[in-house]
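Student: Chains as they are written, first to last, in the numbering used here: chain V, 1 to 262; chain Y, 1 to 262; chain C, 1 to 303; chain F, 1 to 303.
Honestly, the hints are just simulated from the structure, not real lab data. Among the hints, a few may not be true.
As the list claims (entries may be wrong) - Under the rule of at most 16 Å between Cα atoms (straight-line distance), these lysine to aspartate or glutamate pairs were calculated in the EDC-like manner:
| id | chain 1 | residue 1 | chain 2 | residue 2 |
| --- | --- | --- | --- | --- |
| 1 | C | 276 | Y | 6 |
| 2 | C | 288 | C | 3 |
| 3 | F | 302 | F | 235 |
| 4 | F | 288 | C | 199 |
| 5 | F | 288 | F | 3 |
| 6 | C | 288 | F | 35 |
| 7 | F | 288 | C | 201 |
| 8 | V | 185 | V | 210 |
| 9 | C | 302 | C | 235 |
| 10 | C | 276 | C | 35 |
| 11 | C | 288 | F | 3 |
| 12 | F | 276 | F | 35 |
| 13 | Y | 185 | Y | 210 |
| 14 | C | 302 | F | 35 |
| 15 | F | 276 | V | 210 |
| 16 | F | 302 | C | 199 |
Bear in mind the structure is a predicted one, so any value in this text is a computation, not a measurement.
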Amino acid sequence: MGQTGEYTARVIRQEALDADAFLLTLEAPELAAAAQPGQFAMIGCGSGYDPFLRRPLSIHRAQSTAGAVSFLYRVRGQGTEWLATRRQGEFVPLLGPLGRGFRFAGNSRRALLVGAGIGAAPLLFLAEALAGLNWTLNILLGARTAHSLFCRSALERYGRVHAITDDGSAGRRGSVNALLQEALKKGTYADIFACGPQPVLQAVQRASADRGIPAQLSLEENMACGLGACMGCTCRGSDPSRMLRVCAEGPVFDAEEVILDD
Amino acid sequence: MGQTGEYTARVIRQEALDADAFLLTLEAPELAAAAQPGQFAMIGCGSGYDPFLRRPLSIHRAQSTAGAVSFLYRVRGQGTEWLATRRQGEFVPLLGPLGRGFRFAGNSRRALLVGAGIGAAPLLFLAEALAGLNWTLNILLGARTAHSLFCRSALERYGRVHAITDDGSAGRRGSVNALLQEALKKGTYADIFACGPQPVLQAVQRASADRGIPAQLSLEENMACGLGACMGCTCRGSDPSRMLRVCAEGPVFDAEEVILDD
Amino acid sequence: MTDLAVSIAGISMSNPVLVASGTFGYGAEYHPVFDVSRLGALVTKGLTLRPCAGNPGRRLCETPAGLLNAIGLQNPGVEVFIGDILPAMRSYGVPVIANIAGATDEEYVALAERLDGSGVAGLELNISCPNVQAGGMALGTDPCLAASVVAAVVQATSLPVIVKLTPNVTDIVGLARAVVDAGAAALSLINTLLGLAIDVETGRPALGNITGGLSGPAIRPVAVRAVWQVAQAVDVPIIGMGGICTGRDALEFILAGASAVAVGSAFFHDPLAAVKIIEDLERYCDRKGIADWRTLIGAAWKS
Amino acid sequence: MTDLAVSIAGISMSNPVLVASGTFGYGAEYHPVFDVSRLGALVTKGLTLRPCAGNPGRRLCETPAGLLNAIGLQNPGVEVFIGDILPAMRSYGVPVIANIAGATDEEYVALAERLDGSGVAGLELNISCPNVQAGGMALGTDPCLAASVVAAVVQATSLPVIVKLTPNVTDIVGLARAVVDAGAAALSLINTLLGLAIDVETGRPALGNITGGLSGPAIRPVAVRAVWQVAQAVDVPIIGMGGICTGRDALEFILAGASAVAVGSAFFHDPLAAVKIIEDLERYCDRKGIADWRTLIGAAWKS
Ligand SMILES: Cc1cc2nc3c(=O)[nH]c(=O)nc-3n(C[C@H](O)[C@H](O)[C@H](O)COP(=O)(O)OP(=O)(O)OC[C@H]3O[C@@H](n4cnc5c(N)ncnc54)[C@H](O)[C@@H]3O)c2cc1C
Ligand SMILES: Cc1cc2nc3c(=O)[nH]c(=O)nc-3n(C[C@H](O)[C@H](O)[C@H](O)COP(=O)(O)OP(=O)(O)OC[C@H]3O[C@@H](n4cnc5c(N)ncnc54)[C@H](O)[C@@H]3O)c2cc1C
Ligand SMILES: Cc1cc2nc3c(=O)[nH]c(=O)nc-3n(C[C@H](O)[C@H](O)[C@H](O)COP(=O)(O)O)c2cc1C
Ligand SMILES: Cc1cc2nc3c(=O)[nH]c(=O)nc-3n(C[C@H](O)[C@H](O)[C@H](O)COP(=O)(O)O)c2cc1C
Ligand code: FES
Ligand code: FES
Chain V
1 MGQTGEYTAR
11 VIRQEALDAD
21 AFLLTLEAPE
31 LAAAAQPGQF
41 AMIGCGSGYD
51 PFLRRPLSIH
61 RAQSTAGAVS
71 FLYRVRGQGT
81 EWLATRRQGE
91 FVPLLGPLGR
101 GFRFAGNSRR
111 ALLVGAGIGA
121 APLLFLAEAL
131 AGLNWTLNIL
141 LGARTAHSLF
151 CRSALERYGR
161 VHAITDDGSA
171 GRRGSVNALL
181 QEALKKGTYA
191 DIFACGPQPV
201 LQAVQRASAD
211 RGIPAQLSLE
221 ENMACGLGAC
231 MGCTCRGSDP
241 SRMLRVCAEG
251 PVFDAEEVIL
261 DD
Chain Y
1 MGQTGEYTAR
11 VIRQEALDAD
21 AFLLTLEAPE
31 LAAAAQPGQF
41 AMIGCGSGYD
51 PFLRRPLSIH
61 RAQSTAGAVS
71 FLYRVRGQGT
81 EWLATRRQGE
91 FVPLLGPLGR
101 GFRFAGNSRR
111 ALLVGAGIGA
121 APLLFLAEAL
131 AGLNWTLNIL
141 LGARTAHSLF
151 CRSALERYGR
161 VHAITDDGSA
171 GRRGSVNALL
181 QEALKKGTYA
191 DIFACGPQPV
201 LQAVQRASAD
211 RGIPAQLSLE
221 ENMACGLGAC
231 MGCTCRGSDP
241 SRMLRVCAEG
251 PVFDAEEVIL
261 DD
Chain C
1 MTDLAVSIAG
11 ISMSNPVLVA
21 SGTFGYGAEY
31 HPVFDVSRLG
41 ALVTKGLTLR
51 PCAGNPGRRL
61 CETPAGLLNA
71 IGLQNPGVEV
81 FIGDILPAMR
91 SYGVPVIANI
101 AGATDEEYVA
111 LAERLDGSGV
121 AGLELNISCP
131 NVQAGGMALG
141 TDPCLAASVV
151 AAVVQATSLP
161 VIVKLTPNVT
171 DIVGLARAVV
181 DAGAAALSLI
191 NTLLGLAIDV
201 ETGRPALGNI
211 TGGLSGPAIR
221 PVAVRAVWQV
231 AQAVDVPIIG
241 MGGICTGRDA
251 LEFILAGASA
261 VAVGSAFFHD
271 PLAAVKIIED
281 LERYCDRKGI
291 ADWRTLIGAA
301 WKS
Chain F
1 MTDLAVSIAG
11 ISMSNPVLVA
21 SGTFGYGAEY
31 HPVFDVSRLG
41 ALVTKGLTLR
51 PCAGNPGRRL
61 CETPAGLLNA
71 IGLQNPGVEV
81 FIGDILPAMR
91 SYGVPVIANI
101 AGATDEEYVA
111 LAERLDGSGV
121 AGLELNISCP
131 NVQAGGMALG
141 TDPCLAASVV
151 AAVVQATSLP
161 VIVKLTPNVT
171 DIVGLARAVV
181 DAGAAALSLI
191 NTLLGLAIDV
201 ETGRPALGNI
211 TGGLSGPAIR
221 PVAVRAVWQV
231 AQAVDVPIIG
241 MGGICTGRDA
251 LEFILAGASA
261 VAVGSAFFHD
271 PLAAVKIIED
281 LERYCDRKGI
291 ADWRTLIGAA
301 WKS
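The following block holds chain V by itself, in its conformation from the complex:
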């Protein structure tokens, strides 16, 4: 894990991908150099003390030569609404990189990447890294509509992408869980990496247990410090006496490490 730091990052670009999804690119050379796939940053989203807490966003891309870091996010409430109004040249406070990202090692393995909705944000960074190690990637991507399969074309550079949408406007109509079952039937994988809503993570967790394929899951939880200091972001560990901090022991957990609540 790279060295964590607090930065004031200049906005290079703010792109609206649809009515409420944005791609924010910040000038943050140290972060770009240090970040690992699956890590996140805590971003200050507001001018006064309301909102007070920073917002955790996964690192979508880190371009170390350009010194740029990108975040793919959906406007959900007050904080992301504010963030979406930041324009080129303005500044955003940012703490990162944070957390334990995806673990991978070795060359030329075969992996299944599963992402749904805006939860797919960390997959691009991961796919790029894995492709660099000559991994073969099968990437399952779910979204509401064709239009919200934001990183599809970028991901296609690193592996084979299978898309599915709620309305059938791209791929079949359905959930990414359907693609998961099929993929596991048809192929064999050394690893599964998943991020997205709870039902997707639960399906991957079950599949991992059933088939004995190691899986890593990226979790979300309300956060305050992002550094492991406040104990605010815990989830239940499989060892019932242990509460795990999503920001420190995660956000990426081995599937068997955690109990996923509904």
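Fit chains Y, C and F with the ligands to the known structure of chain V by using the hints.
Tutor: Quick look at chains Y, C and F with the ligands alone, frame taken from chain V:
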């Protein structure tokens, strides 16, 4: 007094006059039509609940045909800082017109207008109205430097402007109070209208009492409602049993109505 | 559209959105901005027997997501209120609740007697004002003293008596029980938190009165907690208040057990807050398909 | 540059800026972000005799200018603390204060005895935690119970005993007097305000523990008021806390009577808050030409 209303006003223009003074022009046709010189508006300055209260700003200009209202303000703290980042096309919430403005009636009278610092903001609107009634105006303007005599040239259209600055970069070096004493020695005036820091108002109040010239003073006080409902903005009335609401009985008071604290 | 009508302590209202005492003047101040007859009820600024000039010096100080006030009950006194202000206030056609404050039981009783038959729909006993020296706070923090003044007032008037409690106590539930046992027909929760701000440039307290009452969104979680606790302990309706700015906020109080809500400091942030809250509540009920909105009252612990 | 050194209850610090228990972990968490040896002292998350898993369910809920937390004292227990954590914590070269919490007087005493000689510089007795069922809150709201636990701990340890008080009481001055009389060497003011938030979509309390503790800038005026009141009533130093985010905020507490301040929730808004506060204080003293910064302590009421 015109009808008070709550509006969401589009920013037409935000001009930086110096490092921390701005001229903000908003599209607010009802306000432009209803406003009287000396009245003010409560402007929402922030995106969340911090800052929570609106900021009172005097109406600097009201152009009823253009449907535009301007505010001349200095960045002092959190609220005005936020306001200064508003750009053309963005919106600002605004309640107004509020308060009792300057009282004037009759034609072709001779008046002394006294303003200092950013406190001179309401003078332009007043001068325009008085000039429309063929009043003869002698306008005394104080500021830190020549550069901060923001409305000097605009005021020159309506009367004779005498400037004085703290550093002597325009007019003499000194305070507007010096100009006041001279003007009162040299000329006779039917009315005095003053706005600016407390020492200026106190000097005018004394001069008014000494020479028996009716004077009107525009006061400032911390405000919450701006409508006379919360009793938060009171100042002491000359009648000791009465606390006067600056937002409702003022902000413009007859000099003998109020006791000015230091 | 959902019918939001409700009756609190026998006072019928077209909707459960009232104004918080002291933040809305006597109605006329806000009438140019919106039609105040749309409100559930009006509540006056605290009334005293004799005219009161309020506190000297600075009275307001903004704080993060809130404000401190130390107005000190500036009001023209109950006589002027009844003679000059109440008629206009009643002309909006919504119930008028008189908020009253005294230094002694006798003053509360005298106020209650004077207001009986005056045309107000009810009394709100402010035994929780942090900004006055006498009575106020002490009366409101001791269950025995509080019960005694409430009993005396209930005895003296035919009007429904709503008692407004302070959150500045160890045990708000005990206080609530005591005043309900003494005859309170409803409770208002909460008055302001006792606070203080210092101007670091002058090195002196920012407010003329030194301490002040903290209100606004900053205190909302404390107010919701008070309503949640008290609603489960007493059987009278609760008017919830403390930082309510939106329909979402109002729903927090209702789900916690409030039968009505009052909008206070929110008016300073958005003068149209109360109207928007009424509309938000209607929309919420429509969206959730709720036939009788009153099933929401206390639903967070009832279900 | 101004020397900001101060001694609290015999613990010497290079400056009066501490961290608030539970917001800063054990120091190591923030060390990558800034050099924690610049702080006046470190304060641990609340320690219990045995390991504690904390509360289930959601533990954090943001509120206007603040947050509610219901962590529930998750910690590895005093043994693991002393064995595995304290050595690293001491390596920064600043005093380490152990915040301790128990359900009974005996547990507090056992904790105090175990920590005596361990290398911590002092104890902070948390008798004010709103997030645990047993002990905590009840101990901290009753002056007699509070005095009894403090006296027992003071008896059992050679370490200086700092007592942390809750603001959720009618009379914080009475409580402060009681624990000072019982031997407290210093006071920490304030712990969180008891609050609650409801998720209006689910209709249920947002936090797993239902109620939580409110912290952050929202509560600052309440905290400054508590310091102002208590500082004038007792003769021990006060560590002020509650929403301190900037040097200006810290000065409010110092002028109100605090001899040191603790930074808590502010770290969540700006991880560099404490460092900036130290620098702000130095600049303020330089600008105002203050030779001994300690003349500022309580200056708002002393002068
Ligand atoms: C490790 C991590 C990585 C994330 N990566 C991304 C990403 O790349 N893109 C993206 O769009 N979203 C991501 N999220 C979710 C994102 O943090 C929330 O959508 C965001 O905080 C919402 O803030 P808001 O002010 O817009 O919404 P509000 O609802 O106003 O937020 C209120 C509070 O709830 C918290 N909150 C709300 N939703 C979530 C959530 N899903 N998870 C955790 N806290 C939440 C906020 O942080 C805040 O404290 C991530 C969350 C975590 C924990
Ligand atoms: C009737 C009236 C008319 C005004 N007209 C103008 C104008 O035309 N141009 C201009 O630049 N300024 C004007 N002011 C002053 C202006 O309101 C303050 O400068 C502004 O509120 C500062 O807000 P802030 O957030 O930048 O500063 P902060 O210091 O952060 O404000 C903190 C709080 O103090 C209040 N406050 C601060 N300074 C003043 C002040 N001087 N008077 C009243 N409240 C204050 C704020 O409203 C806020 O509640 C006027 C004030 C009043 C009462
Ligand atoms: C400026 C102001 C004046 C107030 N005056 C009174 C009063 O006269 N009587 C009273 O019972 N409460 C008074 N209050 C308290 C409010 O009625 C309300 O209980 C409190 O402000 C919490 O609600 P809010 O956060 O929505 O404002 C006043 C509050 C403010 C802000
Ligand atoms: C997440 C969190 C955890 C806390 N844990 C403890 C604790 O274990 N022991 C304790 O005495 N206080 C605890 N507190 C209270 C703080 O130490 C402090 O008293 C309070 O938050 C007010 O300060 P602040 O507003 O600056 O955060 C905690 C506060 C927060 C926000
Ligand atoms: S957010 Fe503080 S421990 Fe995870
Ligand atoms: S600001 Fe409310 S009465 Fe003047």
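Student: Does each hint fit the structure? Answer for all of them.
Tutor: Hints and how they fare:
no.	hint	result
1	276/C / 6/Y	holds, 13 Å
2	288/C / 3/C	holds, 14 Å
3	302/F / 235/F	holds, 14 Å
4	288/F / 199/C	holds, 14 Å
5	288/F / 3/F	holds, 14 Å
6	288/C / 35/F	violated, 52 Å
7	288/F / 201/C	holds, 10 Å
8	185/V / 210/V	holds, 12 Å
9	302/C / 235/C	holds, 14 Å
10	276/C / 35/C	holds, 12 Å
11	288/C / 3/F	violated, 61 Å
12	276/F / 35/F	holds, 12 Å
13	185/Y / 210/Y	holds, 12 Å
14	302/C / 35/F	violated, 50 Å
15	276/F / 210/V	violated, 52 Å
16	302/F / 199/C	holds, 15 Å
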